[in-house]
Amino acid sequence: MKYLLMILTSLACTITAAWAGTDDAPTVLSNAEAIKLVQTHADYVWTLIAAALVFFMQAGFALVEAGFTRAKNAVNIMMKNLMDFSMGSLFYWAIGFGLMFGTTNGFFGTNGFFLSDFKVGGDPWVLAFWMFQVVFAATAATIVSGAMAERTKFTGYLVYSAVISALIYPIFGSWAWGSLFHGSGWLEGLGFIDFAGSTVVHSVGGWSALAGAIVLGPRLGKYTKDGGIKPILGHNIPLAALGVFILWIGWFGFNPGSTTAANKDIAMIFVNTNLAAAAGCVVAMIVSWLKFGKPEVGMSLNGALAGLVGITAGCANVTPGSSIIIGAIAGCLVFFSVLFFDKIKVDDPVGAVSVHGVCGAWGTLAAGLFNIGGPTMKIVSTQCIGIVSCFAWTFCTAFILFKLISGTIGLRVPPEEEVEGLDSTEHGGNAYPDFSPNH
Amino acid sequence: MKYLLMILTSLACTITAAWAGTDDAPTVLSNAEAIKLVQTHADYVWTLIAAALVFFMQAGFALVEAGFTRAKNAVNIMMKNLMDFSMGSLFYWAIGFGLMFGTTNGFFGTNGFFLSDFKVGGDPWVLAFWMFQVVFAATAATIVSGAMAERTKFTGYLVYSAVISALIYPIFGSWAWGSLFHGSGWLEGLGFIDFAGSTVVHSVGGWSALAGAIVLGPRLGKYTKDGGIKPILGHNIPLAALGVFILWIGWFGFNPGSTTAANKDIAMIFVNTNLAAAAGCVVAMIVSWLKFGKPEVGMSLNGALAGLVGITAGCANVTPGSSIIIGAIAGCLVFFSVLFFDKIKVDDPVGAVSVHGVCGAWGTLAAGLFNIGGPTMKIVSTQCIGIVSCFAWTFCTAFILFKLISGTIGLRVPPEEEVEGLDSTEHGGNAYPDFSPNH
Amino acid sequence: MKYLLMILTSLACTITAAWAGTDDAPTVLSNAEAIKLVQTHADYVWTLIAAALVFFMQAGFALVEAGFTRAKNAVNIMMKNLMDFSMGSLFYWAIGFGLMFGTTNGFFGTNGFFLSDFKVGGDPWVLAFWMFQVVFAATAATIVSGAMAERTKFTGYLVYSAVISALIYPIFGSWAWGSLFHGSGWLEGLGFIDFAGSTVVHSVGGWSALAGAIVLGPRLGKYTKDGGIKPILGHNIPLAALGVFILWIGWFGFNPGSTTAANKDIAMIFVNTNLAAAAGCVVAMIVSWLKFGKPEVGMSLNGALAGLVGITAGCANVTPGSSIIIGAIAGCLVFFSVLFFDKIKVDDPVGAVSVHGVCGAWGTLAAGLFNIGGPTMKIVSTQCIGIVSCFAWTFCTAFILFKLISGTIGLRVPPEEEVEGLDSTEHGGNAYPDFSPNH
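Heads up: the sequence lines are chains H, D and C, in that order.
Heads up: the first sequence at position 104 corresponds to 359 in the working numbering, and the numbers run straight through without jumps.
Heads up: the second sequence at position 267 corresponds to 522 in the working numbering, and the numbers run straight through without jumps.
Heads up: the third sequence at position 171 corresponds to 426 in the working numbering, and the numbers run straight through without jumps.
By construction, these hints were calculated from the structure, which means they are not laboratory data.
Do not take every clue at face value.
No distinction is drawn between identical chains; accordingly, a pair holds when it is met within one copy or between any pair of copies.
[Unchecked claim] In silico SDA-like cross-links for lysine to any residue, where the CA-CA straight-line distance does not exceed 25 angstroms:
| hint | residue 1 | residue 2 |
| --- | --- | --- |
| 1 | Lys-549 | Phe-369 |
| 2 | Lys-633 | Gly-361 |
| 3 | Lys-598 | Ala-571 |
| 4 | Lys-549 | Met-632 |
| 5 | Lys-600 | Ile-640 |
| 6 | Lys-477 | Leu-624 |
| 7 | Lys-374 | Ile-634 |
| 8 | Lys-480 | Ile-541 |
| 9 | Lys-549 | Ile-469 |
| 10 | Lys-477 | Glu-671 |
| 11 | Lys-374 | Asn-518 |
| 12 | Lys-549 | Asp-520 |
| 13 | Lys-480 | Leu-624 |
| 14 | Lys-374 | Pro-630 |
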């Protein structure tokens, strides 16, 4: 009887084929395969468009950093942002991706270097995935640039930028996000939640930035001998604001793109991302108004970024209402954090340590506290383990790296070059030769 | 016999399953479900990417407004644009979306506040739809900002921006676009055509802007006592032009994204959007050349925007050839409208009333006149009802709102603050501290 | 027996329909149709989003050109970029698209003018395809603008921009890319590889630019009488850098979008595009460092663009490793090419001839040399035929065109207008009226 039915079904297919007038007529099975393929195409399109949006964040970071610093260093800042992406792409291709997503022993990956796991004619998903990950790696690297602006030697910058892209970021990433091939990272194994990288990307960037700012020391004239703090104003606020708008749209790739799949989950992630940013921006403005007497633009812009960083870990597993709370707290936190680091004389021209380090840690904790499934003690303590291990790994390795650079090729430009500006001394350039900046 | 066949079919499925080596093997029905799901995923991806593009228009509006005004108010303009999106997001989440798309009595919606209709584990389409709509609401709000630039008190701005996002825009929107849940708006019921919002978004923004500009009065020095008009030049034309390019790309989300579905219709909407913008830009340049003797950049930029606003209502139901005509007329209209409002001493620094109010009305009429299905008398008169009711509702409510603000917390800064610039007086900031603007 | 089975199958479908509670229940065939439709929707979404990204390149070109030239010509540059896209859209709609993709005799197309092949209710794919192609045409046109900056008469610019969009670009394009309808171009027939247009778009732009720069002659003061070269500095490096970032993201539409289909191939194209750009940027920086003693920003920015142009032809048929080599060579080539053209006194303010002409030719050759299927003698020689025929066609027609314009309405502004700046003399405008540029 069974065999009879198989014959019947098979014959029915033949007939269907005859109807369609083709030899390879569709069957239930071929349709099921075709559906999977169309979904796969949608996954490719979504993941790669999201990667393009995250790439655009490089422009956002460049504009925020340039806008918040002085005209005499704008060329240097553009060069740094261009180079950390360009060199970072090459180093992440050669080394970083393999360490981060290769078959892992729990601590680092061991294959996939030079994209060698992609064979012509093979499944190109590894390429789509690499493309999405390389723009993340570059984000971690470029965060550091802001905190070390206006006084870092360009050669020193190139070295630390390469090491962060090739080693520091990928190794921590492998702990939390595990392998594309086989095995899982030790933090991942504990159940650590960091959907799009509040810790993996932003805290790694932020704590590296902290180490860098400490090793470098403050800009000349920032802190007076009598303990005063002299604000050094950014030279182009519209550019900085444009940078924040670009980062905001980039985050619509960063967070929802982290599904690396075209599915319904991206809707809530979009909404959460947007509401947290909005809440962070509004709260930071209000706090600045209460404390300074006027709604301050720099704090408001950083408030939006703080909300975005804060929601990055939990964007897929908290509700929209919780996102507003998470963003609002981030907007408050970034304000006081910026003042705190200024008070202890860690000179961070753009507030990168506060936005990415502190709010990254907050977001990681919040992903546990506001978890849709309920914040169990185990989840919250795992989040804390992730936060602490990120700080320990990143701050220590980055600190050693910066000390090594400082003791060898040099990390800081001489004072006279800092006064003249890095554009002319490091690059023989001038960002605005038709205008005469008044420094 | 029927039961025998059911058994046969069922058995055939069992066999197919055995072939595929899995228990839940595909069937015709499961395939049909899966196809629907993949299409749904494509709808989510398309709608949300379009939302991201529309979000980017916030940056475009900020740059156009800043570029077309003076350097001393650039910080204020960035703050306003940042805040109308941030606060607008929160107010639209709490109030606006429910009023606009909740179950409606024809005049306003009554549920969906605080996104309360989304339950964890439920269908997240309401979130995707909200995300697309919140960026529309923010567009209406931010249009107003341009017409009231360089003299509006920041607190007054925050209040009217909130009221427009929470009440004025959503209530008119519910008339024309109806409910996501149940019921339809009264204008929608008449057959009103406004596919992507020439009236719903742009005219609402434009007529609110008109009310605001009238209540505020012109900037100091704009109109001389002897009846002369003194042009106040924009301080950064490249930024304004970049803003227009950003708005143009944003419109590729605004118009085709209004399908909120990944389908073939988006192709014609893209083409229509682009051709209308191109025609508007070219015609505005030609008219400015004929009238001023030289091709003027501000008019050309506004011509592109006029074409975009003009095609927004009819983008899905007119041909590409008609789009060129619609855009060309819009480009001509915006030129004379800008001169007209200047002549009657309504000071609109960026031409927002002409671009969004006047060309929004034109676009709405044009959607009827050039309707692919033919312009019946009924369609054209319905379009006129929509245009008039939008003006009546928006101008009146906005006028009252601005008068109320003016009479209480104040809408306009004192003259000495206006002369000094809003950046320092309202925000304690300076957009370009390294340069010395020559006002 | 066969007929019995047909009846059985048909009955089974009826039953399935009854189960689903609808009259048009799914069948294997209807499912197969539906799958094709969903894939088609994904193709539309991908192609049109890619078109939007390529459109954004117009902003990138505008910023690079404005940033690399003087403040007194910034309005003129914005006007040119706005107009070549706007007029180009209209001319490509009326004439260019038909010549390029109409049914072809091997040398030009003969239908599709005014998008007349699209009938309401017909298949809108021609519209999606047109939208993707119009942004390519505008790219070719806008490349020319950079090489002729700061001295070209606006009326002359409008004429040549129209002719390039309507004739020069589409006719060469039809040789290499053939028809959407019927027939193939003669170069296409030889097996010429130019996936996304290293030759079709970039070399056409670059060689037209070369003809224009030669006919125009250098800017006043660029070359001194004793044979010296006086650098004329760009007035806004952050804008230029933003332009390069925008071009880079735009290229993620340009290259992978050239599949005009949502498929897996886009992954490798993304990766190749990114790696070539990164390599070009790093190598150009290194070479400038070795030659000038300092890492120069203009060369580094052009190095990224060189890598992007270089990979455009071969992005779909070379490996990621090869892409790095192709980009690196392009980064080196652009450096020496810029110096070469300066030495022979062809004044190209932004390096457009080197970036687009020279590196476009290199990329076309490289697509043959690094071809995944192996570089046969036939492939390489066909690539050379394509490169040479592009130069011959483009340089000759463009040279004649520029000579004609020069002899009639005039191509160059009078010296006193060039000294004063084109913003005031050609447009009655001023890009930065709040600041006093120091020319």
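Here's how the hints hold up against the structure:
When the C-alpha separation of Lys-549 and Phe-369 is checked against a cutoff of 25 angstroms, the pair qualifies neither within a copy, at 52 angstroms, nor between copies, at 30 angstroms. In this assembly of identical chains, Lys-633 and Gly-361 lie within 25 angstroms of each other by CA distance solely inside one copy; the values are 20 angstroms within and 50 angstroms between copies. For the identical chains of this complex, Lys-598 and Ala-571 are neighbours neither inside a copy (36 angstroms) nor across copies (54 angstroms), given an alpha-carbon limit of 25 angstroms. Taking the shortest Cα distances, Lys-549 and Met-632 never come within 25 angstroms of each other, neither inside one copy (41 angstroms) nor across copies (55 angstroms).
For the homomeric pair Lys-600 and Ile-640, neither the shortest alpha-carbon distance inside one copy (28 angstroms) nor that between copies (64 angstroms) is at most 25 angstroms. For the identical chains of this complex, Lys-477 and Leu-624 are neighbours neither inside a copy (38 angstroms) nor across copies (55 angstroms), given an alpha-carbon limit of 25 angstroms. For the identical chains of this complex, Lys-374 and Ile-634 are inter-copy neighbours only, at 23 angstroms across copies versus 40 angstroms inside a copy, given an alpha-carbon limit of 25 angstroms. Taking the shortest Cα distances, Lys-480 and Ile-541 never come within 25 angstroms of each other, neither inside one copy (32 angstroms) nor across copies (41 angstroms).
In this assembly of identical chains, the alpha carbons of Lys-549 and Ile-469 never lie at most 25 angstroms apart, being 30 angstroms within a copy and 27 angstroms across copies at closest. When the C-alpha separation of Lys-477 and Glu-671 is checked against a cutoff of 25 angstroms, the pair qualifies only within one copy, where the shortest distance is 15 angstroms, while the shortest distance between copies is 32 angstroms. Taking the shortest Cα distances, Lys-374 and Asn-518 sit within 25 angstroms of each other only across copies (18 angstroms), while inside one copy they are farther apart (28 angstroms). For the identical chains of this complex, Lys-549 and Asp-520 are neighbours neither inside a copy (39 angstroms) nor across copies (48 angstroms), given an alpha-carbon limit of 25 angstroms.
Taking CA atoms no more than 25 angstroms apart as the test, Lys-480 paired with Leu-624 passes in neither setting, with 43 angstroms inside one copy and 64 angstroms between copies. For the homomeric pair Lys-374 and Pro-630, the shortest alpha-carbon distance between copies (18 angstroms) is at most 25 angstroms, but the shortest distance inside one copy (44 angstroms) is not.
Going through the hint list in order, the structure does not satisfy hints 1, 3, 4, 5, 6, 8, 9, 12, 13.
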